[in-house]
Amino acid sequence: MRRNKNIVMRTVCGVPFLIREGDANVEMDKIITLNETAAWLWETMGGGDFTPEMLAEKLVAEYDVTKEDARRDVSAFISNLQEHGCLE
Amino acid sequence: MSGMMLSGIYKIADVVVQITSLYDEVQNLCADYRSDEKPLLHISISQEDIEAEGVKSDQEREREGLPEFHFEASYLETLAVYRKLATQLIPSGVLLMHGSVIAVDGEAYLFTALSGTGKSTHVRLWRELFGERAVMINDDKPLIRVGSETSIVYGTPWDGKHHLSTNTSVPLRAIIHLQRDTTNHIEPQIPAQMLPTLLQQTFLPKNGAVGMQVLSLLDTLSRQVKFYNLHCNMEPEAARIAYEGMH
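Order-wise, the sequence lines are chains A and B.
Each residue of the first sequence is one higher than the last, beginning at 1 in our numbering.
Each residue of the second sequence is one higher than the last, beginning at 1 in our numbering.
Treat the hints as calculated values from the structure; they're not laboratory data.
In this text, all values refer to a predicted model and were calculated from it rather than measured experimentally.
Ideal Cβ placement from N, Cα and C applies to all residues, glycine included.
Any given hint might turn out to be false.
[What the hints assert, rightly or not] Pulled from the structure, derived: some chain A residues nowhere near chain B, Cβ distances all over 10 Å:
{"#": "1", "residue": "Met-1"}
{"#": "2", "residue": "Arg-2"}
{"#": "3", "residue": "Lys-5"}
{"#": "4", "residue": "Gly-14"}
{"#": "5", "residue": "Thr-44"}
{"#": "6", "residue": "Tyr-63"}
[Stated by the list, open to error] Subject to a maximum C-alpha distance of 25 Å in a straight line, what follows is the list of computed BS3-like cross-link-like pairs (lysine-lysine):
{"#": "7", "chain 1": "B", "residue 1": "Lys-84", "chain 2": "B", "residue 2": "Lys-56"}
{"#": "8", "chain 1": "A", "residue 1": "Lys-30", "chain 2": "B", "residue 2": "Lys-56"}
{"#": "9", "chain 1": "A", "residue 1": "Lys-5", "chain 2": "A", "residue 2": "Lys-58"}
{"#": "10", "chain 1": "B", "residue 1": "Lys-56", "chain 2": "B", "residue 2": "Lys-161"}
{"#": "11", "chain 1": "B", "residue 1": "Lys-84", "chain 2": "A", "residue 2": "Lys-30"}
{"#": "12", "chain 1": "B", "residue 1": "Lys-161", "chain 2": "B", "residue 2": "Lys-11"}
{"#": "13", "chain 1": "B", "residue 1": "Lys-206", "chain 2": "A", "residue 2": "Lys-30"}
So here's chain B without its partners, still in its complex pose (with noise of 0.2 Å):
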C-alpha cells in the first residue's frame, strides 16, 4: 500500500459517484464510467473494509464448497466499492441483481442461476445466434433501476471475470431462471414462484435499513418485467428456443 488515497469520479446508473480508494485497481475498473459532473454519493475505502471483505469472501467460498482463495487486496476493494455503492443505491430504486445481461434489439434478458450452472456460457451462445442485433450489457452484476413504469438495466464496470459489459441502459424485458439440462425449454413463472430466485440473486446489504425497500422494489420490479424458467443445454439451438419461447 502506498500510503496515498486515490480518487476518481464516475457515473454509474446514471449516479455520479465519487470513489476514494487505497488501491489502484478499482479506480482502473471504473475507467470506462469516468464523468466530469459533481459527485452526488461518496464512497471511500478503510483498510478494515477490506478486511470485511476478504472474511465475507472466505465465508461464501465455504458455503459454496469452494477450496480456500487468497484473494488480493486490491481486489478485495473494487468488491468493498460495489458493496458500499449498491448500499447507497438501493433508496434511489436501484438494485443490484447477480446475473447475465444481453440486449437483443433494445431490450434487456437479465439471465440468473447459481453460479457454475452456465450462465455466461448461455449468454454467449446469444451473442452467436444474433451477432450485431446482440448488446453484452453485463456478465455478473448489473444494476436495475425500477422504475414507476418500466425497470431500466445497466452495464457496470463490475461484469465478471471476462469483462464483458457495456457502459449503457436498456429496458429490462425479462428475468430467466436458468437450469442446466440435457434438452432445452422454457415456460413462464409467475413472480411468486420466482421470488426464492430474486431473493437469493439480489442484493441485500446487512446492515442498513434498506431490507423492505429492497422487498418493496422486487414486487415493483415483478409488474414490470416477464419471469421465465429456462432448461437449456449447451448446444447453440438452447439461444434460439430461449428466445422464441419469449416471443
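If we strip away everything but chain A, and leave its shape as in the complex, we get (with noise of 0.2 Å):
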C-alpha cells in the first residue's frame, strides 16, 4: 500500500493534521489530527510502497515500544486512514 498523494500534512497551531491538497473548501469534520507518532509514521511512509509490517519494525526502532505494541498501532492508524481516504 501506499500514501494517497493527493493527502498531505500540515501543521497548524502546532497541530498536524492530514488535509486535501488543493482542497482549499476545508470542511472542519474532515480535518484528521494526527499525534506525534501518527505524524512520525505518516512521514516514514514517505512516498513509495510499504507494508504494515515495515512500518513497524520501523516504529520499534524508533520509539521504545513492543513488536506486538507496534503492529497493533501501525494496523490502527493504517484502518483509521483508510477509513478517509488517505491510503491507496
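Two independent chains are provided; combine them into the complex using the hints.
Shown next, in the form of C-alpha cells:
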C-alpha cells in the first residue's frame, strides 16, 4: 500500500493534521488531526510502497515499544487512514 | 417586503462595503459604521439568501438543543449579510471569531466559550472593575485582522443581544477560553491546546475556497496573541483574578 498522493500533512498551531491538497474548501469535520507518533508514521511511509510490517519494524527501532504494540498501533492507524481515503 | 432594494455604504474592519438589502433592519444595525468612501466590496441579499439563513438557524438551534423559534426575515437578513461579509473578508486576512471583547488600557481581551457559558456576564464584571479604563469592543461577533506583526480586533454592528460595541479597533492581546466553575483560576495555554476552541469559534464558510486561508490565519494569530484557560464564577473577584493572571 501507499499514501494517497493528494493527501498532505500540514501543521496549524503546532498540531499536525492531514488534508486533501488543493482542497481549499476545508471542512473541519474532515480534518484528521495526528498525534506525534501518527505524524511520524505518516512521514516514515514516504511516497513509496510499504507494508504494515515494515512500518511496525521502523516504529520499534525509533520508539521504545514492543513489536506487539507497534503492530497494533500501525494497524489501528492504517485502518483510520483507509477509512478516510488517505491510502491507495 | 416592499419590493424595493435598500442600500448603504459602511466601513467595517477598515473595509468599505456597500450593503444592498431587502429590509432596513441591517441598514439600521450598521448605522454607526456609515462611510462616504468608495466601496471595495458589494454585498447584495436575495430572498434565497434569507431562506437559507433560516434553515441554518433551525439546524443550529436543533444541534444546540434549543427549542424551535421563528426569526423574522429582516433579522435573518442581518445574519446573511454578515455571513457574506465575513466570507469576503478572509482573503484580506480578517477572521470572524465568536466571543466577547473588552479593551483595558488600550489592549483587547477576547473571551470565547460555548453559548450560555457566561462570556457576557464575565465581561460585565470587567467593565465594573475597570470603569473608564475599559472599552467594550464587541459582545458577540468581532472581526480580527491578522497582520504580520500584530492582530487587531474591531468592533462590528453584530454585537449581541445587548448591542454592546464600539466602532473602533484595538490590538488583541489575549484570547481566553472561559469555563464556569465554583472557584476562579486562570492558566496559560499553548496554541495546540487552544486549537479545538479556535476551530469551533471561528467562522469558516462552507462554500468558498478559503478554508486553508482560515487555518493559516489562525496559525499566524497563535504566534501573536496569548492564550489562556479561565475557570470562573460570577463573583466580582473573577475579573480581578483573570486580569492579574494575565499580567
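**Request:** May I ask which of the numbered hints given earlier this structure violates, with the numbers listed in increasing order?
**Result:** 4
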